[in-house]
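A.B. asks: Those protein sequences? They're chains A and B, same order as listed.
Here the first sequence is numbered in our numbering, starting from 1 and rising by one per residue.
Here the second sequence is numbered in our numbering, starting from 1001 and rising by one per residue.
Everything labelled a hint here was simulated from the structure, so no lab data went into it.
Just so it is clear, CB atoms sit at the ideal spot from N, CA and C, and this is done for glycine as well.
Treat each hint with caution, since some may be false.
Quick list of the computed label-pair ranges, beta carbon to beta carbon [what the hints assert, rightly or not]:
hint : chain 1 : residue 1 : chain 2 : residue 2 : range
1    : A       : Ile101    : B       : Glu1171   : 32 to 38 Å
2    : A       : Glu23     : B       : Lys1153   : 48 to 54 Å
3    : A       : Val127    : B       : Asp1012   : 54 to 60 Å
4    : B       : Arg1052   : A       : Pro31     : 49 to 55 Å
5    : A       : Lys163    : B       : Tyr1021   : 36 to 42 Å
6    : A       : Asp88     : B       : Lys1056   : 55 to 61 Å
7    : A       : Arg256    : B       : Tyr1021   : 34 to 40 Å
8    : A       : Lys125    : B       : Asp1031   : 54 to 60 Å
9    : A       : Asn37     : B       : Tyr1009   : 31 to 37 Å
10   : B       : Glu1171   : A       : Ser115    : 30 to 36 Å
11   : A       : Asn20     : B       : Glu1171   : 33 to 39 Å
12   : B       : Tyr1021   : A       : Glu48     : 41 to 47 Å
13   : B       : Val1029   : A       : Asn37     : 24 to 30 Å
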Amino acid sequence: MKYNLWFGVYDGKEVKLSENFEESFLKAENPSPLPFNVSELGMQVLGESYYRILRKTALQVSEKQVERELKREDRYVVALVKALEEIDEAINMLNEKLEDIKAVKESDITESFESKIRELRELRKEVEREIEDVMKKIAPNMTELVGAKIAAKILERAGSMEKLVRLPASKVQVIGAEKSLYKAFARMRKGKKAKIPKHGIIFLHPFIRTLPKTKRGKMARFLAAKLAIAAKIDYFRGEVDENLYESIRRRYEELRRK
Amino acid sequence: MKELMRNVYLKDGTLVTKSKYGSHYGEKVFDGFREWIPWRSKLAAMILKGHRLKLKGDEKVLYLGAASGTTVSHLADIVDEGVIYAVEYAAKPFEKLLELARERDNIIPLLFDASKPWKYSGIVEKVDLIYQDIAQKNQIEILESNAEFFLEKGGEIVIMVKARSVDSTAEPEEVFESVLRKMGERFKIVNHGSLMPYHKDHIFVHAYKSE
């Protein structure tokens, strides 16, 4: 049995001390609980300064991690969401072609098509999971409000967290419905009657989707306002504000009852 | 001035911890004490609601969901001769936690996902207390797996449960009942209670590992 510890590898008899504590700190994974106490073993090897070295290593590793995560993670999500859309398109296209082929002739090649499509669906799931993981980290409040999927799509449209926090709630409300929004603006300029969209991506949220049409605008406005606040908390403070979700749930129930 | 717990006092009606450090989250500091705001910290609320923990000051603590370190800072005042392993997964509040960890020598900051304890199994030692405040649906599973990795027999657990994050549609009472039932299967429950008026729809549960 081999145990990965933050200061080295232990084989049950001897400790092979790590040459780089920061590296071994991040590799200190073990599939099941250790049958010994890591600090007792560590003190045999590192002596009195065990906690001092552990703390120093943890601080150094953490500082680097934080810097890396805060800088790049939002761009990573943006790239992932774009990739996800491409994968969806590829799946749809392959499916269509498969149907076309099938309609003409049953052949071995249809099997290859099907397995490729299955693979793509697996990949799709993987990308979705990754998006969810990262969103929980960089935008916990937005994720709590609308779920990782919607939050990530909004972030993708905005381009980055920095740009997103500068958007007013009214923009967040219609993000994803630009085409109909500008069409409406164009009609208004000409003095014609225009339908301004009530919601863009946030329409995907069950609190909006499940309301009767006449109430969706109200809910969308409310949700977008809270979402804009959530984005700002995520970006500047990062802590979860427990009242946000509660407030949209209450508003939803209010609207549903009326 | 009344001593409620080790290094925890009630000073003219205000909860404080004895501390030689400065303010961390905007709390007041006066001659060797830091104000402990119950609206900001659920542990403070629990103590004001009358439930105390027996801590000697040299405990090893695993803190899951450390956030920006509001409660951690006071716990570090209490276990001033112990060690707190503070786990937090979100990078933003972790920055603030790091500031705290740089100043105190009894806090080990860990930027890890608490639902994957195996990832830090070669870092965290066997602990005397697991404190958990993570508003997540599967928080009891997260507690169980961490207890399996790091908590020894007789080790204590304090968790804060928020009804809305376990199940946002059910009544808080039902959620709490099911949480207590679930916890009771694995641990011995010492006490539990609400955190009103400081935190709405929250309860604390204090338990220990018996087997």
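A.B. asks: Each hint needs a verdict: does it hold in this structure or not?
C.D. replies: Right, here's what the structure says about each hint:
1. A:Ile101 - B:Glu1171: 32 to 38 Å: Violated, since Ile101 (chain A) and Glu1171 (chain B) (Cβ atoms, about 54 Å apart) do not stay within the stated range.
2. A:Glu23 - B:Lys1153: 48 to 54 Å: violated (34 Å)
3. A:Val127 - B:Asp1012: 54 to 60 Å: holds (57 Å)
4. B:Arg1052 - A:Pro31: 49 to 55 Å: violated (38 Å)
5. A:Lys163 - B:Tyr1021: 36 to 42 Å: The hinted range 36 to 42 Å holds for Lys163 (chain A) and Tyr1021 (chain B), with Cβ atoms some 38 Å apart.
6. A:Asp88 - B:Lys1056: 55 to 61 Å: holds (58 Å)
7. A:Arg256 - B:Tyr1021: 34 to 40 Å: violated (49 Å)
8. A:Lys125 - B:Asp1031: 54 to 60 Å: holds (58 Å)
9. A:Asn37 - B:Tyr1009: 31 to 37 Å: Cβ of Asn37 (chain A) to Cβ of Tyr1009 (chain B): about 33 Å, so the range 31 to 37 Å holds.
10. B:Glu1171 - A:Ser115: 30 to 36 Å: With a Cβ separation near 48 Å, Glu1171 (chain B) and Ser115 (chain A) fall outside 30 to 36 Å, so the hint is violated.
11. A:Asn20 - B:Glu1171: 33 to 39 Å: Given range 33 to 39 Å: violated, Cβ gap about 53 Å.
12. B:Tyr1021 - A:Glu48: 41 to 47 Å: violated (24 Å)
13. B:Val1029 - A:Asn37: 24 to 30 Å: Roughly 36 Å apart at Cβ, these two residues miss the hinted range, so it is violated.
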